[in-house]
Amino acid sequence: MKKIIHVDMDCFYAAIEQRDDIHLANTAVAVGGSPDNRGVIATANYEARKFGVHSAMPSGYARQLCPHLIIVKPDLSKYRAESKKIRQIFHKYTNLIEPLSLDEAYLDTSDSELCHGSATWIAQAICNDIFEATQLTASAGVSTSKFLAKVASDWNKPNGIKVVGPGEEIKFLDKLPVKKLHGVGKVMTAKLESMDIITCKELRAVELSVLVQRFGKYGKYLYDLCRGIDNRQVTVDSTRKSVSVETTFEQDISEWQDCESEFMKLLSSLSRRLEQSKGTDKIRKVYVKVKQANFVLHTAESISIGLDIKLLIALLKRLREQYPEPIRLMGIGVKFPDLKRQKTAQQINIPF
Amino acid sequence: MKFSIEQSVLVPPLQLVSGAVEKRQTLPVLANLLLKVESGILSITATDLEIEMSVNIALDGEYLEGDITVPARKLVDICRSLSGDKPINVNLEDGRLKVQSGRNRFSLTTISAQEFPNIEDTLFTTKFDIASQSLKDLIDRTQFAMAQQDVRYYLNGMLFELEGDKLLTVATDGHRLALSKIELKEVVAEELVQAIVPRKGVMEAAKLLSSSEQDCKIELNSNHIRISLGEYVFTSKLVDGRFPDYDKVLPKNAERILISNRDKIKDAFSRASILCNEKFRGVRLLLGNDKLTIHANNPEQEEAEIELDISYSDKDMEIGFNVNYLVDALNVIKTDEVKFNLGDANSSVLIESSENSDSLYVVMPMRL
Chain A
1 MKKIIHVDMD CFYAAIEQRD DIHLANTAVA VGGSPDNRGV IATANYEARK FGVHSAMPSG
61 YARQLCPHLI IVKPDLSKYR AESKKIRQIF HKYTNLIEPL SLDEAYLDTS DSELCHGSAT
121 WIAQAICNDI FEATQLTASA GVSTSKFLAK VASDWNKPNG IKVVGPGEEI KFLDKLPVKK
181 LHGVGKVMTA KLESMDIITC KELRAVELSV LVQRFGKYGK YLYDLCRGID NRQVTVDSTR
241 KSVSVETTFE QDISEWQDCE SEFMKLLSSL SRRLEQSKGT DKIRKVYVKV KQANFVLHTA
301 ESISIGLDIK LLIALLKRLR EQYPEPIRLM GIGVKFPDLK RQKTAQQINI PF
Chain B
1 MKFSIEQSVL VPPLQLVSGA VEKRQTLPVL ANLLLKVESG ILSITATDLE IEMSVNIALD
61 GEYLEGDITV PARKLVDICR SLSGDKPINV NLEDGRLKVQ SGRNRFSLTT ISAQEFPNIE
121 DTLFTTKFDI ASQSLKDLID RTQFAMAQQD VRYYLNGMLF ELEGDKLLTV ATDGHRLALS
181 KIELKEVVAE ELVQAIVPRK GVMEAAKLLS SSEQDCKIEL NSNHIRISLG EYVFTSKLVD
241 GRFPDYDKVL PKNAERILIS NRDKIKDAFS RASILCNEKF RGVRLLLGND KLTIHANNPE
301 QEEAEIELDI SYSDKDMEIG FNVNYLVDAL NVIKTDEVKF NLGDANSSVL IESSENSDSL
361 YVVMPMRL
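Protein sequences, first through last, are from chains A and B.
Residue 1 is where the first sequence starts when you use my numbering, and the numbers rise one by one after that.
Residue 1 is where the second sequence starts when you use my numbering, and the numbers rise one by one after that.
Just so you know, the hints here were simulated from the structure itself, not pulled from any lab data.
Everything numeric in this text was worked out from a predicted model, so none of it was measured.
It cannot be assumed that every hint is accurate.
So the derived label-pair ranges between C-beta atoms look like this [said to hold, decoys possible]:
1. A:I303 to B:E302: 28 to 34 Å
2. A:Y218 to B:N331: 36 to 42 Å
3. B:L192 to A:S268: 43 to 49 Å
Beyond 10 Å from chain A on every Cβ pair, some chain B residues (computed) [said to hold, decoys possible]:
4. L177
5. S210
6. N322
Yeah, the Cβ is synthetic: ideal placement off N, Cα and C, and Gly gets one too.
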C-alpha cells in the first residue's frame, strides 16, 4: 500500500504578492495580465474568489465581477524562488517528488521512516515548515493514491489537511460529486447528470460495459476512479522535454507583417530562455501554435536539429495559409529528445 | 457541352485522372475535373498545381462542344455506381451538369473552366521512349524508400537520372536508400540530367504506367517531366532542390558477405518482426559460420529467435536493423538468391541480387 501526499499552495502567486506588499492585505487581489490588454487571471485570493473571480478568467471580466479587485502583474522569477524553497523542504522528507507546477507536487512517502512513518504527520510537518520558511500556507491531501490525495488536498483548503486512510477510500468517494474527478468538466458532468449520476457512489452502480459503450476508453477510467483505483506512480522526472513561449495580443492580428513581427519578438524571448536552460544543440523538434479569435487552436511541428529559424517561419506561414482567420495568440517552442526512449533503439542516419 | 458515352469507356480513365485531384482542397476548383469537348474528343483533366493528369477519349455519336469543371469525387462515384447497361448522357444546362443514365438522373454544381489552372506549356529539352512496364518496374523497385513529409523536401520524391543510355531512379528517407537502373535503347543524354519527381507524381505515374503495355514517351526539362502514354498525358513539376550524392553512401569493399535464399531470409525476418518493438522495429542479427540468428524483443519482454542456414564465412558479428527496411528491400529483389554486403556494426549494409547489381539497397543499422 502506498502513502501519497499531494501538497498544494493556497493561491500561491496572490499570497506571495500579499505577503510582500502591506497595501494588499485584507482585500481582493489577483495576479494576472492587465484588463486593458486582454490579460487573464493566473491566481485570485479568497477575497476575490468570493466575487466569482477564478484563474484563467479574462481580467476584464474579473474586474466587472469585482470592481475593487487589485490586479498585480506576475513576477515569475519571484514565484520560482519561493517554489525552490518549498521543494527543498519536500526533499527533507522524501526524494520521490513529482512537481506538477510551481505550486503543487505529489510526494510518495511510503518508505519514509520519519514521523514514525505516518504520512499524516509528515504532511503536517511539511505545511508547518513551509509556513515557517515562507509565511505562506499550504493544503495537503494524504491518501493511498495520487488521485485521492489530489482530491483530498482540496477538501480543507485553505491551510488544511485531509486524510483518506486505507479502507476509508470508498466511504470518502461515496459523497464525492463526479465533477470533482480529474478530467470531468462541464460537458461530462452534464452527460453523467443526464444518466442521474451526481456522486461517485451513483457512478459506481453503473456497469463497466455501459460506461465503455458510452464513453469509450474514458469509461474505463471513470469506472476505476470512482472505485479509488489509480495505480499511477509518483515519478521523478526532472528532465525538461520542451521549452516554449507564447503571447496573447492586445488586439487580434491577421496581416502577415504583424505575424512576422510578433514572431520575431517571441523568437528573441525563446532564444533567451534556451540560453538559460539547455542550449540549442540538443533540440530535435520545433513547433508553432496559433489560437484563432474563436479560440480554436492550431499547431504545426517539424523535426529540426537545432533552432532552425527559417523552418519556424515556414511552419507559421503554412499555418497562416491554411487558417487565415485572425489570431489572438501565438506561441513557438522546441522539444528535446526523450532520453529514456532513445536508449531503447537508435536508427543511424545515412551520412549524406 | 453535351456528350454520350459508355460507362466502361468512361470509368477507368475517369478514376485514373482523378488521382491527381488535390486532396487537401485549398482551392475549390482543384477538387474538380475539367471536362472539355472539342472536335469529337472528350478530354478530362485534374491537377493539384504540382501534377496534372489528362486523357483524351474519342466520342461516338452526337455531341456539343464546350467545357466546364465538376466535383471529381462525386462524378467518379456516380459513374462507377451505375449498372453499365445504358450509356451515360452528360449535358451542361444552366450552369449545372446533368448526368443521366437509364432512369438515374443527377445534377452537379460546376465551376467555370476559366478558373481551372493549367500547368504552363513548356519546351522539353530531353525526350526518349521506354516500355511502360520497364519504367513501372524501375519505379516499383525504389519508390518505397521515398521520404514522407520530411523537412528535407528534396527527399519527398524520386530522383530520375539520365546519363548516356542509362536511366536510374533513387529514393531515400535518410535511413535507407534504394537505387535501380536500366539501359535504354539509345543514348538520350550526353550530359548528366537529374530530376526529382515529387512523391505524389511518382505514385500517380506508377498507376498510369500499369494501365498499358505500350511504350511511353518521356519528356524532361529543368522544371517539368511529362509522360505520354496512349491517350494519357501526365505532367509533374520537379522538386527544386539538390538530391544527396547517393554514390558517396554506397558502401564499397565489403568486409563481410552473406548469401541466402531470398524467400527464406525474408520469411525469417517477417517471423521475427512479430515480436519486435512496434514503434522502432529493431531486430538483432547474429552472424556466425554459415548461420544467421535473428533476435527480436519488445517492451512486454516477449522474444523471438529465428535460426537460418545461410552462406557466411567471415568474422562473427552482431548488428541491428529496422526489420521493415530489410523486408521492403527483399520484397522487390526478384531473384532466388540475395547478397548482403556488410562492414562493421555501425556501417550500412548493401543488399542486392546475387546475380546482378541493377538494383541496390542501402540500409543503415540501428544501435540496439
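Against the structure, the hints come out as follows:
Here the CB-CB span from I303 of chain A to E302 of chain B is close to 30 Å, well matched to the stated 28 to 34 Å. Separation of Y218 of chain A from N331 of chain B is about 40 Å and conforms to the stated range, judged on CB atoms against 36 to 42 Å. The given range of 43 to 49 Å is respected by L192 of chain B and S268 of chain A, whose C-beta atoms sit roughly 45 Å from each other. Non-interface status of L177 of chain B relative to chain A is broken: a Cβ of that chain comes within 10 Å, the nearest being about 6 Å off.
At roughly 30 Å from the closest C-beta of chain A, the C-beta of S210 of chain B stays outside 10 Å, upholding its exclusion from the interface. The non-interface label for N322 of chain B is inconsistent with chain A: the shortest C-beta to C-beta separation is roughly 6 Å, within 10 Å.
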